[in-house]
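> Add chain B to chain A, keeping to what the hints say.
Chains as they are written, first to last, in my numbering: chain A, 1 to 256; chain B, 1 to 211.
In short, the hints are calculated from the structure, not lab data. Only a predicted model underlies this, so the values are computations on that prediction, with no experimental measurement involved. Where hints are given, some of them may not hold.
Between beta-carbon pairs, the in silico distance windows are [stated by the list, open to error]:
(1) Ala68(A) with Glu143(B): 28 to 38 Å
(2) His29(A) with Arg109(B): 40 to 50 Å
(3) Ala72(A) with Arg89(B): 35 to 45 Å
(4) Ala68(A) with Arg109(B): 38 to 48 Å
(5) Ala36(B) with Arg24(A): 52 to 62 Å
(6) Arg80(B) with Ala34(A): 54 to 64 Å
Straight-line distance between alpha carbons at most 20 Å, and here's what the computed EDC-like set of lysine to aspartate or glutamate pairs gives [stated by the list, open to error]:
(7) Lys198(B) with Glu38(A)
(8) Lys159(B) with Asp90(B)
(9) Lys198(B) with Asp4(A)
(10) Lys198(B) with Glu7(A)
(11) Lys159(B) with Asp17(A)
(12) Lys198(B) with Glu44(A)
(13) Lys198(B) with Glu208(B)
(14) Lys198(B) with Asp13(A)
(15) Lys159(B) with Glu185(B)
(16) Lys198(B) with Glu57(A)
(17) Lys159(B) with Glu179(B)
(18) Lys198(B) with Glu158(B)
Anything over 10 Å on all C-beta distances counts as not near chain B; from chain A, calculated [said to hold, decoys possible]:
(19) Cys3
(20) Glu20
(21) Ala25
(22) Leu26
(23) Thr28
(24) His29
(25) Leu30
(26) Gly32
(27) Cys33
(28) Cys36
(29) Arg37
(30) Gly54
(31) Pro59
(32) Val100
(33) Ala101
(34) Gly102
Positions of the beta carbon are idealized from the N, C-alpha and C atoms, including for glycine.
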Amino acid sequence: MSCDRFERALALDVSGDLNEREARALRTHLAGCAQCREVAARLERNQAALRALGDQELPEGALRSVRARVRAAIASEPEPRSPLVPVWAWAAGASVVALVAGLIAWGVTTGPSGQRQPSSAPRIAGSEHPEGVGLRGAQDPVGAELVSARSAKRRNGPDLSSSPVGAELASARSREDRSGVETLEAALQRSEPLSPEDADQLARALVYVSQLDGVPPPPNEPDEAEDAAKPPTTVVRLATQDPNVVIYWQMDSNGG
Amino acid sequence: MLAAEWERRAPMADERELGSASVEPASAELVRRAQAGDAVAFEALVELHERRVLRTALRLLGRLDLAEDAAQETLVRLYRSIQRIDPARDLAPWLYRVVVNVSRDVGRRAGGGRFVPLDTIEEGGRPEMRVSADEVTRPLELEAERRLVRAALATLPEKERAAVVLRDIEGLATREVAEVLGSSEGTVRSQISTARVKIRRFVEAQGERRR
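Chain A on its own, in the form it takes in the complex:
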């Protein structure tokens, strides 16, 4: 055709995709060009046929087939996981709860006849401990270990190797795997049994698993967003009876 330069404009005009200036120029041309009017009519017919394809009924058997196949496929899929708090984080929290419960049980069963004698020192020896507060400071090996680990973390460049628990924490942080919780638990269980008083204090401990600075949910993006989604940082907070004694245990996205 001699009006090639208008063909694309005609193709956009059938769906109103021209701006005002383009549309005005096209109208002017169409008024004097029968050939382009014929092309426009053909494009309109094609457009109607395309729209009709969207109205066509799909075979009901095909929809039933898709439903059945989807149902069968997801039956073998694992339960979709929430990205907000990964499963391993809940497992870590559960392990800490189990740890506390285990220590309580251990302390109660070994109680007065255990190797350790109940301490006469005050339960919270804030003035005696360089941290100001603590879980009985140096008189209690477990408490000292935990305080030591916390102090080391505050220094942000800790030498934790002098403490068995601290060493386990450092080891857990440095590892890529997610077995740090279990390893810490094992270390604590290897330490001396608790006195009934210690057990009593631990029994009052509350365990929180919370999310730091909640990561906003990603937009509804397919595959790329799935790949890019990272587990959020999670912190386990051990809060004791004393509001001044709080132990934070931060886990990075790898579980370390």
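Chain B only, in chain A's frame:
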């Protein structure tokens, strides 16, 4: 939900009017419930969107058997991703993007670069191009025109076909098509105009050939 119960349930109304900016309340609620582990809600979500997914895959792939594969894969991906879906946002663009990507992969596995060969369109490869002599000796009726247009779609490159299917068959706005395809509006406008010109020429040529 038992399969039989699912089958018995009356079909739900098929999706909102395309191009609407609002999120369909029913879909949003179903997403929330599915995220909470409600399997019935997920199946209802499938029912709500399955026509759209299968229809788009069929127009992209041209064959029902391949379209079923693509629709299945798309809806299974929805299941896997359900926790990442924001119920406050429209699900349709997400589904369109996935079904376009999946259809591209299915089409490539089935037949190389093109979605389907020109002469094997629709219904498991049944020839689609037959237009009776009667139909070609008079102005093409809509059904004949529709068949030719469907055949013409099969000749388009993937991106042009996807743009036309989303814009002209699914009724999305050019801006929405651009979002789904990850392109600019200008690119989509160009793809659409080029594709429509090709379709017109194809239909015209086929009509001439039959005369």
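> If a hint holds in the structure, say so; if it doesn't, say that too.
So, going through the hints one by one against the coordinates:
The given range of 28 to 38 Å is respected by alanine 68(A) and glutamate 143(B), whose C-beta atoms sit roughly 31 Å from each other. Look at histidine 29(A) against arginine 109(B): about 46 Å separates their beta carbons, and that is inside 40 to 50 Å. The hinted window of 35 to 45 Å between alanine 72(A) and arginine 89(B) is violated, with their beta carbons roughly 29 Å apart. The beta-carbon spacing between alanine 68(A) and arginine 109(B), approximately 22 Å, falls outside the hinted interval of 38 to 48 Å.
Look at alanine 36(B) against arginine 24(A): about 54 Å separates their beta carbons, and that is inside 52 to 62 Å. For the pair arginine 80(B) and alanine 34(A), the beta carbons lie near 56 Å from each other, so the given range of 54 to 64 Å is met. The hinted pair formed by lysine 198(B) and glutamate 38(A) meets the criterion: a straight-line CA distance of about 16 Å does not exceed 20 Å. Proposed proximity of lysine 159(B) and aspartate 90(B) is contradicted: the alpha carbons are some 23 Å apart, above 20 Å.
Annotation: proposed proximity of lysine 198(B) to aspartate 4(A) holds, straight-line Cα distance about 13 Å (limit 20 Å). Of the pairs offered as hints, the one joining lysine 198(B) and glutamate 7(A) holds, with about 11 Å between alpha carbons and a cut-off of 20 Å not exceeded. Only pairs whose Cα atoms come within 20 Å are accepted, and lysine 159(B) paired with aspartate 17(A) is accepted, the gap being roughly 18 Å. Between lysine 198(B) and glutamate 44(A) the alpha-carbon distance is near 14 Å, which keeps this suggested pair within the 20 Å criterion.
Pair hint lysine 198(B) plus glutamate 208(B) holds up; C-alpha atoms about 15 Å apart against a cutoff of 20 Å. About 15 Å separates the Cα atoms of lysine 198(B) and aspartate 13(A), which keeps this hinted pair within 20 Å; it holds. For the given pair, lysine 159(B) sits about 13 Å from glutamate 185(B) by alpha-carbon distance, which is consistent with the 20 Å threshold. In summary, the hint linking lysine 198(B) to glutamate 57(A) is not supported, as the alpha carbons are separated by about 26 Å, beyond the 20 Å threshold.
Taking the CA atoms of lysine 159(B) and glutamate 179(B), the gap is about 13 Å. The hint holds against a cut of 20 Å. About 13 Å separates the Cα atoms of lysine 198(B) and glutamate 158(B), which keeps this hinted pair within 20 Å; it holds. Remark: the non-interface label on cysteine 3(A) is consistent with the geometry, its nearest Cβ contact in chain B lying 12 Å away (cut-off 10 Å). Distance check for glutamate 20(A) against chain B: the nearest CB is about 15 Å away, which clears 10 Å, and the non-interface claim stands.
Non-interface status of alanine 25(A) relative to chain B is upheld: no Cβ of that chain comes within 10 Å, the nearest being about 15 Å off. Non-interface status of leucine 26(A) relative to chain B is upheld: no Cβ of that chain comes within 10 Å, the nearest being about 12 Å off. Distance to chain B confirms threonine 28(A) as a non-interface residue, since its nearest Cβ pair spans about 19 Å, more than 10 Å. A cut-off of 10 Å between C-beta atoms confirms that histidine 29(A) is not in contact with chain B; the least separation is 16 Å.
Distance to chain B confirms leucine 30(A) as a non-interface residue, since its nearest Cβ pair spans about 16 Å, more than 10 Å. In this structure glycine 32(A) is separated from chain B by more than 10 Å, as the shortest Cβ-Cβ distance comes to about 21 Å. A cut-off of 10 Å between C-beta atoms confirms that cysteine 33(A) is not in contact with chain B; the least separation is 16 Å. Every beta carbon of chain B lies more than 10 Å from that of cysteine 36(A), the smallest distance being close to 12 Å; the non-interface claim holds.
For arginine 37(A), the shortest C-beta to C-beta distance to chain B comes to about 14 Å, beyond the 10 Å cut-off, and the non-interface label holds. The beta carbon of glycine 54(A) is not kept farther than 10 Å from every beta carbon of chain B, the shortest such distance being approximately 4 Å. Separation of proline 59(A) from chain B is inadequate, the least Cβ-Cβ distance of about 7 Å not exceeding the 10 Å criterion. No beta-carbon of chain B comes within 10 Å of the beta-carbon of valine 100(A); the shortest separation is about 29 Å.
Taking the minimum C-beta to C-beta distance to chain B, about 27 Å, the non-interface status of alanine 101(A) holds against the 10 Å cut. With a cut of 10 Å on Cβ distances, glycine 102(A) stays outside the contact zone with chain B, its closest approach being about 30 Å.
Comparing the model with each earlier hint shows violations of hints 3, 4, 8, 16, 30 and 31; every other hint is respected.
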